[in-house]
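Chemist: These are the residues of each chain, in order.
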Amino acid sequence: MSFTPQLPPVAKLEQKTVVDLVANGKRIDDRAADSYRPLHIQVGLIEKANGSAQVHLGKSKVLVGVKVETGTPFPDTPDEGVLTVNAELGPLASPLFETGPPSEQAIELARVIDRGIRESKAVDMKSLVLLKGKKVQVVFVDIYILDHDGNLIDAASIAALAALASAKLLKAELKGDEVVYKPGLHPLPLNNHPVAVTFAKVGKTIVVDPVLEEEQVMNARLTVTIDKNGNICAMQKGGLSGFTQDELKTIVHLAVQKAAENRAKILAAAKG
Amino acid sequence: MPEPKQPEKLIDDKGIRIDGRRLDQLRPIKLEVGILDKADGSAYIEQGKNKILVGVYGPREAHPKHIALPDRAVLRCRYRMAPFSVDERKNPAPSRREMELSKVIRESLESVVLTDLYPRTTIDVFIEVLQSDGGSRCAGITAASLALADAGIPMRELVAACAVGKIQGHMALDLSDAEDKYGEADLPVAWVPNANLVTLLQMDGILTTNEFEKGLTMALDACKTIHGMQQEALKKKYLVIKEVAEEREETEVVA
Numbered sequence: 003m004s005f006t007p008q009l010p011p012v013a014k015l016e017q018k019t020v021v022d023l024v025a026n027g028k029r030i031d032d033r034a035a036d037s038y039r040p041l042h043i044q045v046g047l048i049e050k051a052n053g054s055a056q057v058h059l060g061k062s063k064v065l066v067g068v069k070v071e072t073g074t075p076f077p078d079t080p081d082e083g084v085l086t087v088n089a090e091l092g093p094l095a096s097p098l099f100e101t102g103p104p105s106e107q108a109i110e111l112a113r114v115i116d117r118g119i120r121e122s123k124a125v126d127m128k129s130l131v132l133l134k135g136k137k138v139q140v141v142f143v144d145i146y147i148l149d150h151d152g153n154l155i156d157a158a159s160i161a162a163l164a165a166l167a168s169a170k171l172l173k174a175e176l177k178g179d180e181v182v183y184k185p186g187l188h189p190l191p192l193n194n195h196p197v198a199v200t201f202a203k204v205g206k207t208i209v210v211d212p213v214l215e216e217e218q219v220m221n222a223r224l225t226v227t228i229d230k231n232g233n234i235c236a237m238q239k240g241g242l243s244g245f246t247q248d249e250l251k252t253i254v255h256l257a258v259q260k261a262a263e264n265r266a267k268i269l270a271a272a273k274g
Numbered sequence: 004m005p006e007p008k009q010p011e012k013l014i015d016d017k018g019i020r021i022d023g024r025r026l027d028q029l030r031p032i033k034l035e036v037g038i039l040d041k042a043d044g045s046a047y048i049e050q051g052k053n054k055i056l057v058g059v060y061g062p063r064e065a066h067p068k069h070i071a072l073p074d075r076a077v078l079r080c081r082y083r084m085a086p087f088s089v090d091e092r093k094n095p096a097p098s099r100r101e102m103e104l105s106k107v108i109r110e111s112l113e114s115v116v117l118t119d120l121y122p123r124t125t126i127d128v129f130i131e132v133l134q135s136d137g138g139s140r141c142a143g144i145t146a147a148s149l150a151l152a153d154a155g156i157p158m159r160e161l162v163a164a165c166a167v168g169k170i171q172g173h174m175a176l177d178l179s180d181a182e183d184k185y186g187e188a189d190l191p192v193a194w195v196p197n198a199n200l201v202t203l204l205q206m207d208g209i210l211t212t213n214e215f216e217k218g219l220t221m222a223l224d225a226c227k228t229i230h231g232m233q234q235e236a237l238k239k240k241y242l243v244i245k246e247v248a249e250e251r252e253e254t255e256v257v258a
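Line by line, the protein sequences give chains A and B. At position 145 of the first sequence (counting the first as 1) the number is 147 in the numbering used here, and the numbers step up by one without a gap. At position 51 of the second sequence (counting the first as 1) the number is 54 in the numbering used here, and the numbers step up by one without a gap.
In case anyone wonders, no lab produced these hints; they're calculated from the structure. All values reported here derive from a predicted model rather than from experimental measurement. Glycine is no exception: its CB is placed at the ideal position from the N, C-alpha and C atoms. Treat the hints with care, since some could be wrong.
Unchecked claim - Selected chain B positions facing chain A (Cβ under 8 Å, derived; list incomplete):
#1 Val-77
#2 Leu-78
#3 Glu-103
#4 Lys-106
#5 Leu-117
#6 Leu-120
#7 Tyr-121
#8 Thr-124
#9 Val-243
#10 Ile-244
#11 Lys-245
#12 Val-247
#13 Glu-249
#14 Glu-255
#15 Val-256
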């Protein structure tokens, strides 16, 4: 069951400061409404993973590891591999996070990232089949939040794409019933590069890449995931209020532009 | 039940969909209010083959107490699919999908309920999908806001919801199960008409920005229609009460 979360008490004065700044075309960290915080992407930190990427988006830090293992396909898609996205919002990352089963925030985060990758057909699922209906390769994308200073969705989306784009795997083949790996690493086949762009409505103003202080006072949030052709492949609205039709149009067009900028940075970092 | 086979075409040469609808046509909708005895408010919706029952309890004492908020009521929402509501039996354990939908449905209702009138209480919304036919989260929201109104919980207005999608390259209103499954995109929308706020928006599939804008306009038009139906359904309940009251008055006069 989902219930209204208990938000950390934010002093009225701080709330007012954040909202007033945005209303006057400024932000608490001196950014323009349509600009991201500094973005750093480092790939290949985790040698034991097929692909990994650590992303710093301002002070938010996210680590994504990609593991590829053999498994069985779903009965309704016997000729496709399997993609699994999971997110951990552990207590190390923020006083707002607790131990225990995944919170609805963690489930939402993982499902929004999953939707972007799945719907844009980013991972070539057909290429992951070893024996139709019996054995396929399973791609696990595990999102680890290390430090939460707002906009975890975009940080996780950027890290997930960087990790997938830099992932290397051994060529797997079936000999009889056994899976054998041939020497020599090859890249995970990617057909698309989805990038999530998140906006927050603070007061009556739309800002991109909200920092934690802005998330705590925002009326609503919207994530738009854009594929490499400039099309929308996933959306998710969050927060207690909503957006007008005109706001949504503005957001979608800005998302296309911002996604292209971030995509170029991600692919450059993934190449190394 | 075995899953129905994939239809050859979702739209025929005359632009008619598999269930006989035009692209901008809603499925038949039936709304009923106040049909559960114990719940403080309830509503039932049929939209196509969707059959969804919503019960509302509250405002009532928060349980467990630690979830209570000092300055407002806590809104709780559970979207749940019955194991028999789909072709292949659904495991009754709560799925990640149900948890996500419970969250986005709750958030879509938060902006209309005057929660600050009832601090330290909970308002509980239980959405039970008895049969699912595509667009169940939207039908659930439409019925949930009726059930909240039926419970007499002060609200700014009713929320109406409807999905649009893309099938065979065309934007189409209110996708059915097959259209959702074999179509190219699904875009559920909830709208608060007078405040002009979209309070639920999700999308999966591939849409160009132009298709999104067109789809959004179609969805909002449909939400307006549904909003009218919701008001009629509420009025109908009170007309019945009025009739009963008048009958009683007559019998009292005779006696």
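Chemist: What are the numbers of the hints the structure violates, in ascending order?
Modeler: Hints 5, 6, 7, 8, 9, 10, 11, 12, 13, 14, 15 not satisfied by this model.
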